[in-house]
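Colleague: Protein chains in written order, with our numbering: chain A, 4 to 336; chain B, 27 to 354.
Be careful, since some hints might not be right.
[Stated by the list, open to error] Cross-link-like lysine to any residue pairs, in silico, SDA-like; alpha carbons within 25 Å at most:
#, chain 1, residue 1, chain 2, residue 2
1, A, K55, A, A33
2, A, K55, B, I227
3, A, K55, B, Y192
4, A, K42, A, L272
5, A, K55, B, Y189
6, B, K142, B, P68
7, A, K55, A, V39
8, A, K55, A, R333
9, A, K55, A, F320
Everything labelled a hint here was simulated from the structure, so no lab data went into it.
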Amino acid sequence: MRAEAATAGVSRTSPGLVLVVLGLLVAAVATAFMTVGVKGNWEFVLALRGRKLAAIAFVATAIAVSTVIFQTVTANRILTPSIMGFDALYVLMQTAAVFFFGSARISALDPRLAFVLEAGAMVGFSLLLYRWLFLGRRRNLHLLLLVGVVFGLFFRSLTTLFQRIIDPNEFVVLQDRLFASFNAVAPALLAVAAIAIPAACLLAWRMRDRLDVLLLGREQAVNLGLDYRRSVSLVLVVVALLVSVATALVGPLNGMEPVSFFGLLVASLAYAVMPSFRHRHVLPAAALIGILVLVGGQLVLEQWLGFDSAVGIVIEFVGGITFLLMLFRRMAR
Amino acid sequence: MNESDRPQLLALAAGLGLVGLLACVSLFVGVSDVTPGRLLDPATREAALETLLWSRLPRTFALMLAGSALSVAGVIMQLLARNRFVEPSMVGTVESAGLGTLLMLLFFPGAAVMAKTLVAAAFALAGTALFFRILRAVPPHAPLLVPLTGIMFGGIIGSVTAYLAYRMNLLQALGAWRNGDFSLVIAGRYELLWLTLGATIAAYVAADRFTIAGLGADMSRNLGLDYGRARALGLAIVAVVTAVVVTTVGSIPFIGLVVPNLVSLAMGDNLRRTLPFVALSGAGLVLACDIAGRLVVAPYEIPVGTVFGVLGSLVFLTLLLRRTGHAG
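Just chain A, with the same shape it has in the complex (with noise of 0.2 Å):
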């Protein structure tokens, strides 16, 4: 395998010592992103930078997780949840609660319990139509990936016409949830993601050796006594949990394009500078590269280059010329 034959040259380096690199990166990245060019009361800045911090890293991780994991149950290196839809659907999850129940009735709702609403939707509906995909019928990586994409154009289509049926006056108020950002971050749902975000990580932490055996392939893990229907739920389970509350807190990472690829680059930088497969190592490096990609780009683009919210759009770019090459790459093995 490739990724083995990229990682021979670096075989004697401990996974340990690859997460202590990445954690100092990250504590140097952060330090450097709350203190550059704060001018003025810093009380404030601080306070502010810290809610953006906190955010960023939520999701990073959030999206960094849940790929990987997603990534291990579907046995391979390129299917991501935001490429088979996943981030879309909470969007349309989101677009269908104001107009079946009216926006006068959601924003009565406390953000929070608005948030559990429809973040269970979320979880019931992935459950439903992914498991469908995945379990039923064997079908081919291509096919997967195609109609992932197409279930993503759908739920997007979907949510547009909901946005354009529902009454301009309530759009509004849908408008607010749908277009937040790392710098228009809600507290109630920061609060949320406080708890959700790490839950979520421990229920997949505490998966991660079984998760090592899905990694084998189905008919190992089945050989080996893995429950793996089961496996496969709970993981989707966790997907979903994670995309709603990243998404609920910042929207689609890269505004209304089809595809997000922000979890792709970091699983697969991670999987490249990993010297281990085990899920003990690869997640917390994958979070940690999130963060730091998240973080660091926000820094250079945003504040040294004065490239306003131009980090969503490189992602895409390098993302999709990466996808492209992984997609060659398995066909030219």
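Please arrange chain B on chain A, whose structure you already have, making use of the hints.
Modeller: Just chain B now, kept in the frame of chain A:
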């Protein structure tokens, strides 16, 4: 004319009748009250006639022209790529045309519409040619890789465009060319679309060449076809149609995929036979979706691109998943 042509001619006449009926409905649906009665009544005739001539008639023409031309562009692209699951909005053609339009908006905002369209067409042609170049790397046993590559390729071009638009504060103009909307069509703002009729006729004249080109480069050379020229003509038609539609009303996603696939399910792949049906069904489907979009939330309306986005992606999913049934 032989016996076997008769059912086809009947079907064609029925199709024409249906599209004509839809067109009539389209003329009389909308906020302003235009009915045959008001047209005949001398007191209201002038106002009704004005609405009809300036707004309803152009809109109906624009819908039919865009619908049929995009469907024909889709079928040509499918023959040239030898893949049923491609169409201009899925392989970067629309995104390239959008990039061209944006660049013109940035550097020559005062240029004539014709010049903008030509530049958009040049970009569409270059983008599509690049996609076909990438396709050479796709092995023949991986047909689904073709649309997948196309969507991602379009996404990459789209991210460049989005970045430029964002930097130059033109983000608002961005969504428009991917989401066909005919609500702003009035006389004087859509006439360029008649160019697509020329492209559709050219496609019909060259239909046999495209059918043969669909057999592959080697086979068509064996049969005496200048494959390079046929492909260049096909790509030019696709590029011009896409550019004109993108600059005037915005593309309609999936139409170029859905219509040819449904027609080919019913009557096979001989383009000379199927092309009139592809054009007619495209026009009819877009008309129907636009009328529905005007009725559902009246007095507001839903752009036809949005309606078709939902419908088209559903049909595409069905086609994809049905296909696996065959593969076992």
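Colleague: Indicate, hint by hint, whether the structure satisfies it.
Modeller: Structure-based check of each hint:
At most 25 Å may separate the alpha-carbon atoms for a hinted pair to count; K55/A and A33/A meet this at roughly 11 Å. Under the criterion of a C-alpha separation no larger than 25 Å, the hint pairing K55/A with I227/B is inconsistent with the structure, at around 57 Å. A C-alpha spacing of about 22 Å is found between K55/A and Y192/B, which places the hinted pair at or below 25 Å, so the restraint holds. For the suggested pair K42/A and L272/A, the alpha carbons sit about 35 Å apart, so the restraint of at most 25 Å is broken.
The straight-line distance between the Cα atoms of K55/A and Y189/B is roughly 23 Å, inside the 25 Å bound, and the hint therefore holds. Of the pairs offered as hints, the one joining K142/B and P68/B is violated, with about 43 Å between alpha carbons and a cut-off of 25 Å exceeded. Restraint check for K55/A and V39/A: the C-alpha separation of about 14 Å stays at or below 25 Å, so the hint holds. For the proposed pair K55/A and R333/A, the alpha carbon gap of about 38 Å is over 25 Å, so the pair is violated.
Distance hint between K55/A and F320/A is fulfilled; the C-alpha atoms sit about 24 Å from each other, no more than 25 Å.
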